[in-house]
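Novice: Now for the letters of each chain:
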Amino acid sequence: MSHEKTHRESESKKTTITDEELAEVMAHEKDELERTWAHPRGVVGWLSKTDHKVIAMRYIVTAFVFFVLGGIEAALMRIQLARPDNHFLTPDQYNQIFTVHGTTMMFLFAVPIMTAMGIYLVPLMIGARDVAYPRVNAYGYFVYLIGGILLYAGLMTNTGPDAGWFAYVPLAGPAYSPGKRVDIWAQMITFTELSGLVGAVVIIGTVFKMRAPGMSVNRIPLFVWAQLVTAFMIIFAMPSVMLASSFLASDRLIDTHFFNPAEGGDSILYQHLFWFFGHPEVYIIFIPALGFISPIIIAFSRRRIFGHLVLVLSLISTAFIGFGLWVHHMFATPIPQMGQSFFSAASMVIAIPSGVQIFCWIATLWGGKLNIKTPLLFVLGFFAIFVLGGLTGLMLASVPLDLQVHDTFFVVAHLHYVLIGGSVFPLFGAFYYWFPKWTGRMLSERAGRWNFWLMFIGFNLVFFPMHQLGLNGMPRRVYTYLPETGWGTLNLIASIGAFVLASGVLVFMINAFWARRAGAVAGDNPWAAHSLEWSIPSPPPNYNFHNMPVVQGQYPLWQATEDAPVVRGLSTSKREALVTSVMDAEPELRFEIPGPSIWPFAVSLATAVMFIAGIFTPWAFLVGAILAGAALVAWFFGDPNYENKSARETGERSQSVSPPRELQPKEV
Amino acid sequence: MKEITNTILRLGQCLTALGAVAGLSACGGIHNAINPAGPQAGNISKVWWLMFIVCSIVFLLVMIAVLLALRKRTPESDLAAPMLEPSAQQERQRRNVVITAVTLTVIVLFVFLLASYSAGRSMTAELDKKNGLAIEVTGHQWWWEVRYLDVDASNIFMTANEIHIPVGVPVTFSLRATDVIHSFWVPNLAGKKDLIPGKVNTIWLQADKPGVYRGQCAEYCGLQHARMALWIVAEPQDQFNAWRQNQTQTSYTPASDSQRYGQQVFLSSTCVMCHTINGTPAGSNIGPNLTHVASRKMIAAATLVNTREHLEQWIKDPQIFKPGTRMPANNLAEGDMQALLDYLQSLK
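Going line by line, the protein sequences match chains E and W. Heads up, our numbering is the position in the first sequence plus 341, with the first residue counted as 1. Heads up, our numbering is the position in the second sequence plus 128, with the first residue counted as 1.
Treat the hints with care, as some may be off.
Stated by the list, open to error - Heads up, simulated DSSO-like pairs for lysine-lysine below, C-alpha to C-alpha not over 30 angstroms straight-line: (1) W/Lys425 - W/Lys476; (2) W/Lys200 - E/Lys714; (3) E/Lys710 - W/Lys200; (4) W/Lys444 - W/Lys425; (5) W/Lys327 - E/Lys521.
As the list claims (entries may be wrong) - Short, incomplete list of chain W residues facing chain E, as computed with Cβ under 8 angstroms: (6) Ile192; (7) Ala193; (8) Thr202; (9) Met251; (10) Gln344; (11) Ala346; (12) Ala354; (13) Gly452; (14) Pro456.
In case anyone wonders, no lab produced these hints; they're calculated from the structure. Using N, Cα and C, we set each Cβ at its ideal position, and we do this for glycine too.
Please take these sequences and the hints and turn them into a complete structure.
Specialist: Right, here's the structure in full:
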C-alpha cells in the first residue's frame, strides 16, 4: 500500500520516472499478470485449463504417443513381411494393424501435431497473449483425445477397423464389413476432423485479429503463413471426408444406400469425396512443415531468407493446386482420359511451387553463414528425402506410369518419402529448435546427431527398396507373399531398416526425457533467432508477453531498434488482448479473452456420447445433441472468467497504480 | 528414333544394373513392370525410363547444390550478427539461378506431361478396334472368374485364375466385380484397372513374347487380398486354339472305377453347392469353375501349385492356406478323398 502512494506522489511531481520506480512497476505488473493468468488447480482445474501452450503441449505429447503406437504397428508389419509366408501375424491382425497404422499416422499424429505446433507458436510469433478462442481450442483437444482412445479401444477389443485407412466401399459397407469395426473408424474420423476444424478456426482467428501492432501482412513470419494456409485448407478439405464418413456410417447404421450400387448409390462417389479431402490432407501435413523449415534456415544460416514473398505465394498456390489433384488416386477407375489428363497436369504443376521453395532455401543456404546444428541437419535430411519423394510423385502424376505403380509398394515408398521426409524430418528439426523455448532446456546436440543419422539411414533402408518392390509387382496391403515372388530379400532389408529408424526415434525420446531435467539452461534466445517467441523467457510465462511488442520488420528481433516501442494500456487484472486489423495490424479494440472453464470438457463428453453411442443406435444423436446443447448453454452464458474472480478482485486495487502512459526506458 | 529409344532403354538397364550391385534385384521376372512383354507395358516402361533418368539427374543436381552450400564454414565468432542486407549483386545472381532452375523445372514438367499424354493415348486409342479376343473377368473375394466371349456361342466358356491368350493378338478385357472392388494387374503386360461392382471397366493388352506372366489383385479387397493372384499364359496361336478347343468341351467322362466313385463323392458332398463341372449336375457359380481344373497350373487363385498333395490339403482344410476363404474344410473319408482326387486330376 505504501509504495502505491509513493508512486502517485512521484508521478504528480515528475513527468518521467526513475529506473528503480520503473522496475518496481514492472515487477508489480508481472505479479498481477501471474495472478490473472494463473492456471486453475485440482482435477477440475486441470480439465479447465485453456492456456494455448498447455493445450498445445497436450496435443503434442498425445500425438507423439500415437506416433509411437503407429510406429509399433509399422514394426509389427515389417516383422510379418520380413520373410515370405510368415505367420507372425494372422491376416486379420495384419489388416487391422495396417488400417490402424495409416489411420493413426494421418489422423491422430500428423494433422494434430502440426496444428499443435501452430497453436503453441503462432501466438508467440505474433506477440499475442493467447489464441483467439482458447475454450474452443480446449474443446478441440478433448474431442481429439476421445477419438484416439476410441480407435485404440477398438483395436484392443479386436474391433480395430480393417478396411484400410481409406475405407473404400463396398468393402467397408454393411455387406462386406459386418460388425462394428468400420463404424469405429468412421466415428473416429468425425472426432478428429471436428478437432481439426476447431484448430483451424482458432489459428485463422488468431492470425487475422491478434497480431501485434506493426505486424502487417508483409511482416507475418513464414511459419505463421504456413499455419494460416493450412488452416484454410483444413476448412475446405475436412467437410468432404466428414461427409464421406458420415454417409458411410449412415449406410451402415440406417441403410441409407449412398454408396450401394444395387440401390442407385455409387462407390466411386465415395472415392471422390474421400480423396477430395485425402489429397489436400497430404498438404495439410506438409505445409506446416514447410513453415518449420524457413525459420530454422533463417536461424542457422544467419541471414534473411531469400525470396520471402515468393515463398508465401508458393505456400498459397500449393494450397490451391492441392485441391485439384485428387483424381490421381483414382486413375485405375473408369474415368475418361480427358478428365484424367486435367488431374495429371495439376499433379505435375504442383511440383513448381515446391521446386520454387526448395530453390529459395538452397539459395538462402548458399549465401548464409552456416551453423550446422541438429535442427538444420534435419532440414538437410528433408532436402534429400523430400526431393526424391517429390520426383517419384511426378511419376505417379503420369497416368500411364501411375497405372503400373499405383497401389504397389512403389507408392508406399513414395508416400513415406514425402510424408516422413517432408513432415517428420522437419518436425524433429522443429523439436530440437523449439524444445528450449518449451522447457527452458537444450536437447543434447550429440544425441541429436545420433538421432538424425539413425533416422536418416534407417529411413532410407526401409523405404528405398520399396520402390523396387513395387516395380517388381508387389501390391500394397498384402499380409504375406509367396517365396517364388522373389520379394524376400528387399523386404528383409526394409524390415532391418525399420529397427534402425525406430532406434533413432528412441534416441530422441531419451534425449527429451534427459534434457527436461538435465539439459543445458537455454535462456531466452539460445539460437539468436529473429522471431518474437525468442524475446520472452523460456518457458514462456502464462501471459506470454508482459508488454505486447510493436513489430518493426520481418525479422522483429534482428531489426528491433534500441528504443523499440511496446504496447501499453492492456489490463493486467483482466485477461485482456489487443485486437488489430487484418491487413495492417492496427490496434482496433481491447478484448477480454475467456479464461479457464470446465464447459469445453463437458461439451466434449456430450459429443463423445453422441458419436460413440451413435455407432450402435441413431437415438444417440438425439440424446447427444440435447446434452451438448445444454452444456453449450452453460458455456455461453457463464461468467467469461468466473474461475478468475479472486484474481480480478485483487486486480481492482492495482488499477489505481496507473503506470506511465508511454514507456521510454532510456530517457531518464 | 527407335535407336534413340533403344539407347535410352539400354542406359536405363545399365542404371538398374548399378542398382543391382547395391543389392537390389535387377529387372526380369514374371511380374515386373519394367520387363515389358507387350506394347502396353512397353509404352509405359518408356515413360518410366525417361522419368527415371531425368529425375535421377535432377535429384543429383539438387543434392550437389545442397552439398556445395555446406562447403563454406563460418567461424563461430562470425555467427552472432545476422545478415539482414546481403550484397545486392549476390542476391541478383541468386535470383537468376533460382529463375533458371524454375524455368528448367517447368520445361521438364512439360516434357513429362507430353510423354505421358502420348503414351496414354497410344494405350487407349482404337480400343474398339482391338477385338482380337474378348474376355470378361469378374473379381470375387478372392479369385478371378474368367469368361471367354465369342460371337459363336459354342466357343463361350468359363474358367478361373488362369487366362490363356494367343501371342501377338490384342485381347480386350471387360472387368466386373460382384462383391467389392478389385484391381486387375499383370505388370509385364499392362497397367492396372479396377473391377468395380456395378460398373464395367475395359483394358486391352497384348503379349508379344510367349510366356507365363503373373498378376495379382492390386486393390485391397479384404482378408485374403494377398492371396488373389492369377496367371496369364501367352502361347502361339495354334497352341492357344488347341487349349480353347479343349476348354469348350464338357468335362472328361470318368473312365476308371475310382474316378467314377470320385465323381459321386463330388456330386454328393458340399463341393457341388459352389462349383460347376460342365457335363455333370454340378452347376453352381459361387466358386471357380472346375470343368478343366486339372489343366491349370495353380489352384486357390495362384497360391498353390496344382499337385495332388496340394489339392488334397486344400480340400481338407483351405483355411490353412487362405484363412477366411469362402471354401469350408471338408472332412472326407480317406477312400473318398483319394477317389475325389483321382476324379479331379482327370479333369484335363
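Novice: Taking the hints in turn, state whether each one holds.
Specialist: Hints, one by one, checked against the model:
| no. | hint | result |
| --- | --- | --- |
| 1 | W/Lys425 - W/Lys476 | holds (11 angstroms) |
| 2 | W/Lys200 - E/Lys714 | holds (15 angstroms) |
| 3 | E/Lys710 - W/Lys200 | holds (8 angstroms) |
| 4 | W/Lys444 - W/Lys425 | holds (20 angstroms) |
| 5 | W/Lys327 - E/Lys521 | holds (28 angstroms) |
| 6 | Ile192 | violated (10 angstroms) |
| 7 | Ala193 | holds (5 angstroms) |
| 8 | Thr202 | holds (4 angstroms) |
| 9 | Met251 | holds (6 angstroms) |
| 10 | Gln344 | holds (5 angstroms) |
| 11 | Ala346 | holds (4 angstroms) |
| 12 | Ala354 | holds (4 angstroms) |
| 13 | Gly452 | holds (6 angstroms) |
| 14 | Pro456 | violated (17 angstroms) |
Hint violations for this structure: numbers 6 and 14, all remaining hints satisfied.
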